[in-house]
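Going down the list, the sequences are from chains E and X. All the letters of the first sequence, read from the start, carry residue numbers 1 to 231 under the numbering used here. All the letters of the second sequence, read from the start, carry residue numbers 1001 to 1113 under the numbering used here.
I should point out that these hints are in silico values taken from the structure, not numbers from a laboratory. Just so you know, not all the hints are guaranteed correct.
Stated by the list, open to error - Straight line, CA to CA, 27 Å or less: simulated DSS-like cross-link-like pairs of lysine-lysine:
no., chain 1, residue 1, chain 2, residue 2
1, E, K2, X, K1055
2, E, K2, X, K1075
3, E, K164, X, K1022
4, X, K1078, E, K164
5, E, K153, E, K164
6, X, K1055, E, K176
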Amino acid sequence: MKSETLDQLLRDRGDNTSVILATNLTSGEERLIYPADLVGGNGLNPTVADAAQETFRSDRSKTVETEDGPVFLNVFNPPLRIIIVGAVHIAQPLARMAALAGYDVTIVDPRSAFATDERFPGVTLLTEWPDDALASLAPDARTAVVTLTHDPKLDDPALEVALKSEAFYVGSLGSKKTHAARLERLTEAGFGENELNRINGPVGLAIGARSPSEIAVSILAQVTQALRQGS
Amino acid sequence: MSEQQTSPDWQEDVLGQAAEWKSDGVDVALATVVTTWGSSPRPVGSQIAVHGDGKFVGSVSGGCIEGAVVMEALKAIKDGQPRLLDFGVTNEEAWEVGLACGGKVQVYVEKLQ
């Protein structure tokens, strides 16, 4: 690899830019491919362009055979994100575990007594109203959204933005009863069954979790399942 | 092909370290898992950066083949030629090391120019 290529790769990573490093394993020839290069081809071999498209989407690097030899596509996507609404007790272990699993963590809670650096050292905290915060964070297909306040005033506005987004996971803390009431409110707000079925509620895999840390495990497990198995 | 984890997590910053060594004037090689078959310990895209003195950061296996990869990386640093290495239980005679798990991996080794 050329030093210039490595330096560009590191700059792209710093800028949260998706990029693929394509290396011909026979000749050693290399180039960087950006999503914008796939519109119109930009001189790319069509086989490589198709594979690059798929690699950006799946986030899985792979080697593709071409008439010029095997080309390795190493994909560098920006980190996965998790947006946690509610700087509550469960959010503390969840933020730490999600960071360990590779997520860029943001916590949203307008109640400034909850959202403090002392309780969440090193975590990005937003004290805007959840719908404003969610709208500016713009969840995409590499983002999970979890609401933990079980206060409709805070959770519902966040869910309304999340359900209109491409977020790969939406989860909401609360008992079956709380969740049923939530679904009723969101139905009145105009959401249909398919949209509401996207909400994982009660949140987390059923593993009998009790403590805040255990509940965080069950939530992160369910987020992982949605990411890897698309359920 | 196995699962790819591209998110930066608790693992070492292999590329950042490679760039740092290079800017210090050290010769560096990169080795990358480019294909896997069966059960392999590290996914496609896993990398190590090898310092000219033989030390390295990152991982391309559970420790089974790093030694052999570092040897090849030092050769690549010397002659500047990239190399494509095959490791697997079926290739035990071609290479002195293999993967205990029974998988196969292909590793691309190149000098940072």
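The hints, checked one at a time:
For a cut-off of 27 Å, the pair hint linking K2 of chain E to K1055 of chain X stands: about 21 Å separates their Cα positions. A C-alpha spacing of about 17 Å is found between K2 of chain E and K1075 of chain X, which places the hinted pair at or below 27 Å, so the restraint holds. Taking the CA atoms of K164 of chain E and K1022 of chain X, the gap is near 46 Å; set against the 27 Å cutoff, the hint is violated. Proximity of K1078 of chain X to K164 of chain E is assessed by CA-CA distance (about 55 Å); at most 27 Å being required, the pair is judged violated.
Using a Cα cut-off of 27 Å, the hinted pair K153 of chain E and K164 of chain E holds, with the two alpha carbons roughly 18 Å apart. Taking the CA atoms of K1055 of chain X and K176 of chain E, the gap is about 55 Å. The hint is violated against a cut of 27 Å.
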